Amino acid sequence: MIKAHPSDALLHSYVAGDLNSASGLVVSTHLDMCPHCKRMANVIEEELTAAMAAETENGAPTDGLGDDDMQLMLDAIFSSAAPDEGLVTTKTTNDGLIYLDGKRFQLPRSLARQQERIGPWNKMMGNMWRAPINLGTDEVANLIYMGSGTSVPEHTHKGTELQLVINGSFSDEYGHYHDGDLLFLDGTHQHTPHTSDEDCLILAVMDGPLHFTSGISRLLNPFSSLFFR
Amino acid sequence: MMQLQTNRQAPRAAVNPANDAAKKAEAQHLAGLLASIAETRCRRAFSELFRHFAPKLLAYGSRQFGNEQTASDLVQETMTNVWHKAHLFNADKGAPATWIFTIARNIRFDLLRKNKHRRDEISADELWPILSEQNDSLEDDYALDHDVLMQEISAYYAQLPDAQRIVIEKIYVEGKSQQEVSDALGIPLGTVKSRTRLALLKLKELIA
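Going down the list, the protein sequences come from chains A and B.
The first sequence begins at 672 in the working numbering and counts up one residue at a time.
The second sequence begins at 336 in the working numbering and counts up one residue at a time.
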C-alpha cells in the first residue's frame, strides 16, 4: 500500500507540464505504480481542459485568428507530411529489466522507456550504488541502489529532492517507505535513510547537493558533489 | 529548478445536469469527427474540429507564452498532430478535448525548451506518452486481470443451482430483460425476479 504521494501542487504542475523533465519522470513513474494518483491526474487533466475551453468562452481576445489565418493553417496541415510512425513504434526493445547484486528488477513503464538513458553503476559508499539517468538536460536524475543493512549519514538537502521507491524498502526518522512511495525532501528534512533486511532501488532527482549534519560525517560535505551529479 | 507552483485552483466544471448533457453530446460529436478523420481522412470533419479548437488553443498558448506568434505555432503543431494521429484517440480513456489539451501541453513543453535545445534531450511525449502506440500496453495488463477475475467468477457461478444459473446467464451474458427471460423460459416474471435475487445473494456470499 502506497502511503507517500505527491502533493496536489506537485501533481497539478505535472499535469500542466510545468515540471522539469527529471521531476516529471519521477511523478510519471509514481503514477505507473499508483492507480489513486493516476485517477487524480486524470481529474486535473479534465479541469485544465475545462479551463482551456473557458478561456474563449469568457471573452478572451481571439482576434488573432481570422478566417484567412484559419484557412492558411488548415492548408498547411493538409499538405504536411505524416510523421514517421516507424520511429515511434519500433522502440519496444527495452524490457525494463535490470540486474543488480544477483537480483532482477522490473522497472515501471515510464522508467523502462528511458532504459537506454541509464548509465553505468558506480559505487558511492558501503553497499550503495548509483546509475545516472541522462535526460539530456541539466537536471540530476539517478537510480540509487542500497543493499540491505546500508545507511546514509544524517543529512539535509541544500536544494529539493524527489525520491521514489521503485522496489524494496528503506526507513528514516519519519517513516518506512515501500514500492511506489514518493518523498519530497528539502532543507527542512534532516534524516538518516537506511535499509535493514531488505535492499532498495530508488529513483532520485535533486537540484542541489546533500548537506551532512552530524559528527564526523560533516567531513563529507566538501565531497558532497559525490552525491550530486 | 524544481517548480512547485500552487496554482491549484483550476475552475471546476459547474455541476449542472443540463450542462452536463450538452457537454456529453458535444464530446460525442467531437469524437465522431475524430473517428471520421481517422477512418476516411475527412477534411470537412477536420476543418470543423479545427474551428472548434483553434481559438481555444490560441488563447491557451497566448497566456502560456505571452506571445501570439509562438501561440499560433502551438495551434499549428497541435492540430497537425491531431490530423495525423486521430487514430490514436481512444474514447474510452477520455473526452476529445482532454486528449487535445494533453497534446497541446506536450507541445508547449517542447516549445519552451526549444531555444536551449540539445539533441539528446528528452521530449514531452517520452514523459507523457500520448501519441505513442505503446501507450496501450497498460490496457493489456488490465485485460489480464479481467480474465483472471472472470475465471474466478465462473467458478462461483458454477456453484449456483441450475435454475438460477440459467436465469443469470440469460440476463447478464445474453443481455435479456427479465420479461424476455420469463417469455423465453415460460416461467412467471415473479419467479425470474426471485431467482435473480437469490442468485445474486448467493454470488455475493461466495465472493465476499
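No lab work stands behind these hints: they were computed from the structure.
Possibly wrong hints are sitting among the right ones.
Said to hold, decoys possible - Derived DEER-like restraints, expressed as beta-carbon distance ranges:
{"hint": "1", "chain 1": "A", "residue 1": "771", "chain 2": "B", "residue 2": "535", "range": "45 to 51 Å"}
{"hint": "2", "chain 1": "A", "residue 1": "740", "chain 2": "B", "residue 2": "398", "range": "50 to 56 Å"}
{"hint": "3", "chain 1": "B", "residue 1": "361", "chain 2": "A", "residue 2": "771", "range": "50 to 56 Å"}
{"hint": "4", "chain 1": "B", "residue 1": "408", "chain 2": "A", "residue 2": "819", "range": "50 to 56 Å"}
{"hint": "5", "chain 1": "B", "residue 1": "426", "chain 2": "A", "residue 2": "867", "range": "45 to 51 Å"}
{"hint": "6", "chain 1": "B", "residue 1": "353", "chain 2": "A", "residue 2": "775", "range": "40 to 46 Å"}
{"hint": "7", "chain 1": "B", "residue 1": "498", "chain 2": "A", "residue 2": "754", "range": "25 to 31 Å"}
{"hint": "8", "chain 1": "B", "residue 1": "490", "chain 2": "A", "residue 2": "771", "range": "53 to 59 Å"}
{"hint": "9", "chain 1": "B", "residue 1": "408", "chain 2": "A", "residue 2": "753", "range": "15 to 21 Å"}
{"hint": "10", "chain 1": "A", "residue 1": "707", "chain 2": "B", "residue 2": "515", "range": "16 to 22 Å"}
Small disclaimer: the values here were computed from a predicted structure and weren't measured.
Backbone N, C-alpha and C define an ideal beta-carbon position, used for all residues, glycine too.
Results of checking the hints against the structure:
1. A/771 with B/535: 45 to 51 Å: The hinted range 45 to 51 Å holds for residue 771 of chain A and residue 535 of chain B, with Cβ atoms some 49 Å apart.
2. A/740 with B/398: 50 to 56 Å: 18 Å, violated
3. B/361 with A/771: 50 to 56 Å: 51 Å Cβ-Cβ, so the 50 to 56 Å window holds.
4. B/408 with A/819: 50 to 56 Å: 52 Å, holds
5. B/426 with A/867: 45 to 51 Å: For residue 867 of chain A against residue 426 of chain B, whose Cβ atoms are near 48 Å apart, the range 45 to 51 Å holds.
6. B/353 with A/775: 40 to 46 Å: Since residue 353 of chain B and residue 775 of chain A have Cβ atoms about 55 Å apart, the given range 40 to 46 Å is violated.
7. B/498 with A/754: 25 to 31 Å: Once the Cβ atoms are compared, 59 Å apart, the range 25 to 31 Å for residue 754 of chain A and residue 498 of chain B is violated.
8. B/490 with A/771: 53 to 59 Å: 39 Å, violated
9. B/408 with A/753: 15 to 21 Å: Hint holds: Cβ distance 19 Å, inside 15 to 21 Å.
10. A/707 with B/515: 16 to 22 Å: Between residue 707 of chain A and residue 515 of chain B, where Cβ atoms are some 40 Å apart, the hint is violated.
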